[in-house]
Amino acid sequence: MRTILHIDLDAFFCSVEELRSPELRGKAFIVGGLAEHRGVVASASYPARKFGVRSAIPTALARRLCPGLIIVPSSHSVYSQRSHEVMGRLREVTPLVEQISIDEAFLDVSDMPQSGAEIARRLQAELRDLLGLPSSFGVAGNKLVAKIASDIGKLAHQGEGPPYGLMVVPPGEESAFLAPLPVTTLWGVGPKTASRLAGLGIQTIGELAAYPAGELRRLFGIHGDEMHRRALGLDERPVETDREAKSISAETTFPRDVADGEALRRTLQELSDIVGTRLRKEGLAGSTVKLKLRWPDFTTVTRQTKLAEPTDLGDVILSASLRLFDKLWRRGKAVRLLGVGVSSLGPPARQLSLFDRTDLHASQLAHTLDALRARYGYEVLRRASTLDEDT
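Residue 450, in this note's numbering, is where the sequence shown stops; the numbers in between run on with no holes.
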């Protein structure tokens, strides 16, 4: 039997800001963008959450829900450094650490003499006393149940301040632990799937586990098999210590909706250049280009296309993005958000086309620009096509 821990740093961005500015403790505040710039909430303090403020909602809505709300701008370099410190301390306990986000990780402590609960309590106390950061833990025999356990442990908290949750699911009790929970607790069960399951009379994970597996497969395909296994609390995935990037992307939310085609295309150029720069910095290239578009009513659409060969060049990414954009956008239609991403990542393979001097020169130019921007800042050189006419 494996022993897996899931750690979730409670209100991580806000917790870090309270360390930097102790006067924020006990106050309703958020970390996020300004309302007038169409910002969104990245993290909400626990006093703010009492008013219904939560992450991912627009800052403007958060201010309406909580009069007097304090808005603190994000400091991602600081959060990254704090996250690095936390992950380093986790790796002092076990090398089997899988970081899944800036404030979450899995640990495999199966071979340690102490129980998972003992290790979790010790780590929770160390992070609080040495780094000043609150955390919640889930302990179980696999990653799926450990993650859900940490979420349920936090929800069980009724007092003031961070929950410091700790939920342990003993071996063999996974199915019983999951049974009363709503099906939406499971990975892969979103609103649409939950609605279809409700039509079958399935509301809880226990009801999903009891439903005939063959019928779920007939109705949902392979996803039906996966749901049924998860409902039984089965998850054989190991803790992976090396997590490769699945995609690299960049996006922007406009301060005001933009309906001008040339302005939108200039933005796509800038986003494509940013993605290309990030790919080259990571030593990666990708063969799938994805476009993300959000309309003023918050409807979001995505489209993607496959390239003939992997690329890390902004111009190639732009060309694919523009093809997708021209299929989606209609003249005069306002846009709230634009995003460009590249996936299907791997090492660059341009050595196959070194005899193409155009391709080689483009690569050399891109790396020269990277070096200049790394030294003098991104704005040291910009494409003329990305500048407004009156600039």
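These aren't lab readings, by the way, just hints derived from the structure by calculation. Be a bit skeptical, because a hint or two may be false.
[Unchecked claim] With a Cα cut of at most 30 Å, we get these calculated DSSO-like pairs of lysine-lysine: (1) K365 - K392; (2) K386 - K305; (3) K213 - K305.
How the hints compare with the structure:
1. Taking the CA atoms of K365 and K392, the gap is near 26 Å; set against the 30 Å cutoff, the hint holds.
2. Proposed proximity of K386 and K305 is supported: the alpha carbons are some 25 Å apart, at most 30 Å.
3. Using a Cα cut-off of 30 Å, the hinted pair K213 and K305 holds, with the two alpha carbons roughly 29 Å apart.
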